[in-house]
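Visitor: Residue numbers (this note's numbering), protein chains in the order written: chain A, 3 to 319; chain B, 4 to 300.
It is possible that part of the hints are untrue.
Claimed, not checked - Simulated pairs of lysine to aspartate or glutamate, EDC-like, Cα-Cα distance not exceeding 20 Å:
1. A:K185 <-> B:E158
2. B:K118 <-> B:E227
3. B:K63 <-> B:E227
4. B:K118 <-> B:E197
5. A:K185 <-> B:E197
6. B:K55 <-> B:E197
7. B:K63 <-> B:E197
8. A:K185 <-> B:E136
9. B:K272 <-> B:E252
10. B:K172 <-> B:E154
11. A:K185 <-> B:D148
12. B:K172 <-> B:E136
13. B:K118 <-> B:E252
14. A:K185 <-> B:E137
15. B:K221 <-> B:E197
Stated by the list, open to error - The calculated label-pair distances, taken between Cβ atoms and stated as ranges, are:
16. B:R155 <-> A:T186: 18 to 24 Å
17. A:L151 <-> B:G149: 50 to 56 Å
18. B:Q215 <-> A:V243: 57 to 63 Å
19. A:G87 <-> B:E105: 43 to 49 Å
20. A:Q308 <-> B:V50: 34 to 40 Å
21. B:I51 <-> A:T292: 41 to 47 Å
22. B:I51 <-> A:G87: 41 to 47 Å
23. A:I160 <-> B:G149: 48 to 54 Å
24. B:E94 <-> A:V243: 41 to 47 Å
25. B:E94 <-> A:N289: 53 to 59 Å
26. B:A209 <-> A:R51: 30 to 36 Å
27. B:G207 <-> A:V95: 43 to 49 Å
Since the hints were made in silico from the structure, they are not lab data. Glycine included, C-beta positions come from ideal geometry on N, C-alpha and C.
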Amino acid sequence: MLNDIFVAPFVDMFAAPDFLMQVLWEGLVSGILYALIALGFVLIYRSSRIFNFAQGIMVVFAALTLVGLHAMGVPAWICILLTLGVMFVLAVVIERVVLRPLVGQPDIILFMATIGITLFLIGLGEIIFGGENKVMITEELGIPTGSVLLEPFGGLLILEQKDITAVIVAALLVVGLLIFLNKTRMGRAIRALGDDHQAALSVGISLQTIWVLVWFIAGIIALVTGIAWGARAGVSFALEVIAYKALPVLMLGGLESITGAIIGGLMIGMLEKLFEIYWGQPLLGGNTETWFAFVLALIVLLFRPQGLFGERIIERV
Amino acid sequence: MPCPGGGACRRREIWNSCKRSKPMPDAENTQETLLEVNNIEVIYNHVILVLKGVSLSVPKGGITALLGGNGAGKTTTLKAISNLLHSERGEVTKGSIIYRGESVQDRDPAELVRKGVIQVMEGRHCFQHLTVEENLMTGAYTRRDGRAAVERDLEMVYDYFPRLKERRKSQAGYTSGGEQQMCAIGRALMSRPETILLDEPSMGLAPQLVEQIFGIVKSVNENEGVSFLLAEQNTNVALRFAHYGYILESGRVVMDGPAAELRENPDVKEFYLGMSDEGRKSFRDVRSYRRRKRWLA
Numbered sequence: 003m004l005n006d007i008f009v010a011p012f013v014d015m016f017a018a019p020d021f022l023m024q025v026l027w028e029g030l031v032s033g034i035l036y037a038l039i040a041l042g043f044v045l046i047y048r049s050s051r052i053f054n055f056a057q058g059i060m061v062v063f064a065a066l067t068l069v070g071l072h073a074m075g076v077p078a079w080i081c082i083l084l085t086l087g088v089m090f091v092l093a094v095v096i097e098r099v100v101l102r103p104l105v106g107q108p109d110i111i112l113f114m115a116t117i118g119i120t121l122f123l124i125g126l127g128e129i130i131f132g133g134e135n136k137v138m139i140t141e142e143l144g145i146p147t148g149s150v151l152l153e154p155f156g157g158l159l160i161l162e163q164k165d166i167t168a169v170i171v172a173a174l175l176v177v178g179l180l181i182f183l184n185k186t187r188m189g190r191a192i193r194a195l196g197d198d199h200q201a202a203l204s205v206g207i208s209l210q211t212i213w214v215l216v217w218f219i220a221g222i223i224a225l226v227t228g229i230a231w232g233a234r235a236g237v238s239f240a241l242e243v244i245a246y247k248a249l250p251v252l253m254l255g256g257l258e259s260i261t262g263a264i265i266g267g268l269m270i271g272m273l274e275k276l277f278e279i280y281w282g283q284p285l286l287g288g289n290t291e292t293w294f295a296f297v298l299a300l301i302v303l304l305f306r307p308q309g310l311f312g313e314r315i316i317e318r319v
Numbered sequence: 004m005p006c007p008g009g010g011a012c013r014r015r016e017i018w019n020s021c022k023r024s025k026p027m028p029d030a031e032n033t034q035e036t037l038l039e040v041n042n043i044e045v046i047y048n049h050v051i052l053v054l055k056g057v058s059l060s061v062p063k064g065g066i067t068a069l070l071g072g073n074g075a076g077k078t079t080t081l082k083a084i085s086n087l088l089h090s091e092r093g094e095v096t097k098g099s100i101i102y103r104g105e106s107v108q109d110r111d112p113a114e115l116v117r118k119g120v121i122q123v124m125e126g127r128h129c130f131q132h133l134t135v136e137e138n139l140m141t142g143a144y145t146r147r148d149g150r151a152a153v154e155r156d157l158e159m160v161y162d163y164f165p166r167l168k169e170r171r172k173s174q175a176g177y178t179s180g181g182e183q184q185m186c187a188i189g190r191a192l193m194s195r196p197e198t199i200l201l202d203e204p205s206m207g208l209a210p211q212l213v214e215q216i217f218g219i220v221k222s223v224n225e226n227e228g229v230s231f232l233l234a235e236q237n238t239n240v241a242l243r244f245a246h247y248g249y250i251l252e253s254g255r256v257v258m259d260g261p262a263a264e265l266r267e268n269p270d271v272k273e274f275y276l277g278m279s280d281e282g283r284k285s286f287r288d289v290r291s292y293r294r295r296k297r298w299l300a
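Build out the structure end to end from the sequences listed, making use of the hints.
Guide: Printed below as a string of C-alpha cells:
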C-alpha cells in the first residue's frame, strides 16, 4: 500500500518521462483556462467585492452566441466581433440594471444578484439558442485541428494543435491583462478601486465605468474559454462546470491576487492531472479530477485561510 | 442676498445665510468667491440630522479653516461639497452648494474633480497595495491633457514632498503615517485642482510633522494658487496657517471671522485653544456661558 502511494507513481514517472510530459501538458492546457477564468473572478471581486457567480454561465452564453450566430450564416470572424459586442452590451446592462441600484448593499445581496443573473442567462440562452448540444466552430475560426508529434527522451509526445492555440491565446490574454492592469491609467484605476472605494471616488474614478470595464473583461475571458473548452468538449450548458473549477483555484490563490489566480490555475490543472493518472486511476478507480481540486483547496485553507497568494493584508499598528 | 429656500425659509436661517454673505474684512476678500455653501442640511440614513444649516464661502486663493470638535460636522460638510456622502447613505436635504456660480449638488464626484474640486479624506486613504508613485498617478485619472503635463506635475509634487520621491517605489501601505498624508495630498495635487478640501491632515501625526505638512500646504497655496478648505481639530495650528475660519458646533456655524481675529477672540481662546486670561473659571459659569453662545448662534 505504502509502496503504491509513495514509490510506484514516481518510479512510473521516471520510467516514462515522455508520458509524464504528456500528462503535464494536458494539465497545463486546462490549468491555463482555469487561471483565465479565475482572473475574471478576481477582477470583478477586487473592483466591486462581488463574487461573480455568473462567470460560468457567461462562458456558456458567449460560446452559444458565437455558435448561434454562425449557424445563422454569419462569417466566423464577424461572429467573434459580434459576440464581443454582445458581451459588452451584457456588461452595460448588468451594471445599469443590477449593480447600480444595489450599490452600498451588503456583499451577500450582490452575490445573490449574480445568482439571479445566472438563472436569467440560462433562460435567455435556452430561449434564443435552444438547449441541445452544439459543436464549436473550430475550423471556421481558423484554429488548426491537427496534432504535433514530438519525441522527447526517445518517447512520443502528442500535442493537439487546438490545445497549443488555446494555450498561446490564453497566455497572451493573461500577459495582456497584466500589462493593462499595471501600466495603464484604467488598469491602475481598477487596482485602486480594489484597495479603497472611497478614495477612488474622491480622485474622480467613476465606479460605473470601471464596473462596465471589468464585466466586459470577464466577458472576453468567457468567450476565449468558451471557444477553447468548447473545442474540446462541445458547446452545452455543461460548460458552466469549468467555472466552478475556478473556485478551488481562487481558494488556493486567494480571491484578491492576480498572480495567485494564474499560479493557482496552473497548479490545479497540472496537479489534478498528475493525481488522476498516477494515483487516482491505479488506486481509486479514476475519475478523481472532479473532486481533487476541491480537496486540495480545503487542505490549503486549513493552513492558509487567505490562500497561498492572498494579498498580504497590510496593517499598520 | 436672497435666501435659497425662498419664503419657506425660517427666519434664523435667513439671518444665518445673510450674515455669511457680508464682505469679509480681510485683505484676501477682494478676490472672487469660489465655493459657496448656503444653509445646507445633511441627513444620514434618512433619520440622523448632522448638519443643521451650515453656510460658508471659500475665496479664491485663500486657506479657509473649518474648526470644531469631534462630531461637529466638519467632515460631513466637506463630503457634502465633494459629493462623497452618497456612498455613506447621507443626503443634502436643504440649502445649496455653489461652485463658480454653478450648483454642484448631486453631481458625480468625478465631475467635481474635473471642475477642480478634490477632497483629501480624513485618515489618508492611500491605495495600500499601489506604490507611492502609482498612488500619485491615480490623482491624474480625470486629466486629459497628456502624459507630458502629468509627468511635469509629478515632478512638482516631488519637489514639494521630496520624501515621496525617496519612497516612490514602495507600497503605500508600508509607508509611515506622515508619508501617507503627503501621498494623499500629492495625489490630490496631481488632479491640477483649484480647490482642495483637506480633511484633518494633522490626524495622528507628531507636532513637528504637522508643522511641516501645514507649511507645505501654505506654500502650495501661495505658489500654485490652490485654495484650501481645511477641516481641522487642531485649532491652534489651523488658525496660524489659515486666512479665515469658521467654527462649527453640533452641525451649526457658531462663529466665523479672519483667522487673526479668531485667534484673539476670548471665546475661541477658551474653548478651542485652552487659554484664558481670567484664570480658572468655575464650571457653572462655563456652562451657562456656553449655553448662551449656542443660542446666539
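Visitor: Could you run down the list of hints and mark each one as holding or not?
Guide: Verification of the hints:
no. : hint                          : result
1   : A:K185 <-> B:E158             : holds (19 Å)
2   : B:K118 <-> B:E227             : holds (17 Å)
3   : B:K63 <-> B:E227              : holds (12 Å)
4   : B:K118 <-> B:E197             : holds (8 Å)
5   : A:K185 <-> B:E197             : violated (28 Å)
6   : B:K55 <-> B:E197              : violated (28 Å)
7   : B:K63 <-> B:E197              : holds (8 Å)
8   : A:K185 <-> B:E136             : holds (12 Å)
9   : B:K272 <-> B:E252             : holds (15 Å)
10  : B:K172 <-> B:E154             : holds (16 Å)
11  : A:K185 <-> B:D148             : holds (18 Å)
12  : B:K172 <-> B:E136             : holds (7 Å)
13  : B:K118 <-> B:E252             : violated (30 Å)
14  : A:K185 <-> B:E137             : holds (10 Å)
15  : B:K221 <-> B:E197             : holds (14 Å)
16  : B:R155 <-> A:T186: 18 to 24 Å : holds (20 Å)
17  : A:L151 <-> B:G149: 50 to 56 Å : holds (53 Å)
18  : B:Q215 <-> A:V243: 57 to 63 Å : holds (59 Å)
19  : A:G87 <-> B:E105: 43 to 49 Å  : violated (37 Å)
20  : A:Q308 <-> B:V50: 34 to 40 Å  : holds (38 Å)
21  : B:I51 <-> A:T292: 41 to 47 Å  : violated (52 Å)
22  : B:I51 <-> A:G87: 41 to 47 Å   : holds (46 Å)
23  : A:I160 <-> B:G149: 48 to 54 Å : holds (52 Å)
24  : B:E94 <-> A:V243: 41 to 47 Å  : holds (45 Å)
25  : B:E94 <-> A:N289: 53 to 59 Å  : holds (57 Å)
26  : B:A209 <-> A:R51: 30 to 36 Å  : holds (35 Å)
27  : B:G207 <-> A:V95: 43 to 49 Å  : holds (44 Å)
Figure legend: structure checked against the earlier numbered hints; hints not met, in rising order: 5, 6, 13, 19 and 21.
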